[in-house]
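Take the given structure of chain S and dock chain Y to it, following the hints.
2 protein chains.
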Amino acid sequence: MVNVALDVMGGDLGVEEAVRGAALVSRESTSIFVFLVGDPEEISKALETVDYDPRRVQVMAADGFVAMDESARVVLERPDCSVMTAARLVREGRADAMVSSGNTGALVLAASHHLERLPGIRRAALAAVHPTERRHGPKGDPFALMLDVGATVTADADTLVGFAVMGSVYSSIISEIPSPSVALLSNGVESKKGTPAILEANQKLKKSQINFAGNVEGLDIPKGTVDVVVCDGFLGNVVLKMLEGVGEVFTELAKDASSRRLKWKIGLTMLSSGLRRLKRLTDWKMYGGAPVLGLSGVVIKAHGRSESRAIRNAIKVAAKAVDGKLIERIQHGVAEFNRSHEG
Amino acid sequence: MVNVALDVMGGDLGVEEAVRGAALVSRESTSIFVFLVGDPEEISKALETVDYDPRRVQVMAADGFVAMDESARVVLERPDCSVMTAARLVREGRADAMVSSGNTGALVLAASHHLERLPGIRRAALAAVHPTERRHGPKGDPFALMLDVGATVTADADTLVGFAVMGSVYSSIISEIPSPSVALLSNGVESKKGTPAILEANQKLKKSQINFAGNVEGLDIPKGTVDVVVCDGFLGNVVLKMLEGVGEVFTELAKDASSRRLKWKIGLTMLSSGLRRLKRLTDWKMYGGAPVLGLSGVVIKAHGRSESRAIRNAIKVAAKAVDGKLIERIQHGVAEFNRSHEG
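Those protein sequence lines, which keep their order, are chains S and Y.
Counted from 1, the first sequence has number 58 at position 68 by the working numbering; the numbering is strictly sequential.
Counted from 1, the second sequence has number 102 at position 112 by the working numbering; the numbering is strictly sequential.
Derived by calculation from the structure, the hints in this document are not laboratory data.
The list cannot tell twin chains apart, which means a pair is met if one copy fits it or any two copies do.
Below, in silico cross-link-like pairs of lysine-lysine (BS3-like), each with a Cα-Cα straight-line distance of 27 Å or less:
1) LYS245 / LYS213
2) LYS245 / LYS129
3) LYS245 / LYS255
4) LYS255 / LYS213
5) LYS310 / LYS129
6) LYS183 / LYS196
7) LYS196 / LYS213
Values in this document were obtained by computation on a predicted structure and should not be read as measured data.
One chain only, chain S, in its complex shape:
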């Protein structure tokens, strides 16, 4: 049995949607147990409206939560808020993993507060998938992994190396790619292109046992040239938000075109099944959530606008990471790297 602590507070769509996601899991999977962490009254009310298996769901009271627009730092003043309580459950070993669709910064901070950084890992990272033209792995995933996308700002060479190792392990577990290709995001594919940290990380990764593809550049992000793209959190944040922005602009342009000319409206209608397919492809934010990697516990961030299905997916990803021994394998990967690098 995998025990998952679900922070049901603070998501954009409210407690009910998170509880509904957990209820789905309780009916679909006999090997996952979910703690519903948050306001007990709100949770009880939500549970009354859904169909769930009481053997695999338990309410865990928390005091308060962090809203989306609050500073992450308030978690330190609210030790019993939902995200801190979920993190504590993991630290205490009562839960194997935590999931939250609330404030990202608060999640990273709460997790970092309660869980230790893994030996050999300099900085924890937030990893997220982004849509790509090329498909990845045996399941043909239409997305690639990128990290860090916001847990750090700057990153030195050893931090980038840690990201590469963690991304490789995570991708191999979740996308089931035996040896995921990993690259550093840079301003040119040549190994002498990049910031000093990238140049040094490139040299170090060349000697590692991960499937290192060298540098990739901006063009390679939408194409999906590699399975895992490594960068500092500043760059990852800009890139990911830009992809979101491009998606929004295209949606608005299509709406505008549809309202402007009948011919365009009909054309768009004829394309609708294709556009839906494209929409699914770009709806990557719902693909089961973004892991915080590098801590001594499985931590999954679900998108703030997660509906019940997205919450369910995030819980399942968390359980898959636990079953796949994510933490042990990251530790092993880092130790392996350090051995080969010293040798």
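This is chain Y only, laid out in the frame that chain S set:
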């Protein structure tokens, strides 16, 4: 009369296309004189095939050129190659501006070799336009300016401030926006978000006389929230190439959809006038070229795949920058900033 030194060698489409662009200018404008810099035989042969006004075109012999795939550094071993000769013409005052559609790195290096950096400017920058949803300025330009996109890798606070001042001046001349809005690209809109260099630049720009809008994030790039986006050359390179990649992926997906189902093919045909409009919008690389800013002369990079019209546009942009007193106004802007900042 504005004298423009056009490096006709090294573009992807060959000497003929560049010469044809200059020929167009010679017939359309009586106030621009173009030096055709490159292999005299090739130029003469190209001139025979086009209609031009000989009063405003002159061949200027150069010895060799830099190919697209060569290292920029070879310009130092080829002092008489086309891009170095064009830069020398500007240094000697025989030309007011130079234009090249060849190797970007070679252009930046040749220009930096022959032209001085302007007082108060720490680093020269390459600025480029990118397509945006929002339109800009009195002409309704469907693009915004971004700099640096590749002349530098890292940038300290004062370098970013210099980019902001230069971008503001260039945008006001070329897009005719009286007071262009300028922002720093960061991982959040709050002024405390960003790398140390961005935090410091944010504080300095707040006190400046340019129309500083604070930080923007990735989402704002395709939306076009501001007229000028400032970042270091590493980030600008990644962002710009990513936009190119997204465009390419969409084009391929549309082609694929068209070949897969008759209904989709018809739908795309009905949308074709709209798609052409979109294509024009995203065909930003042809908008007259990217300036190298911060040197004591007007330097314009035309896209490597420039056809004659794009070369013509780049020459006209160069002339417009000279007429608009780009160099003097950058110097004035920097002096102004330094005065207000000391005061």
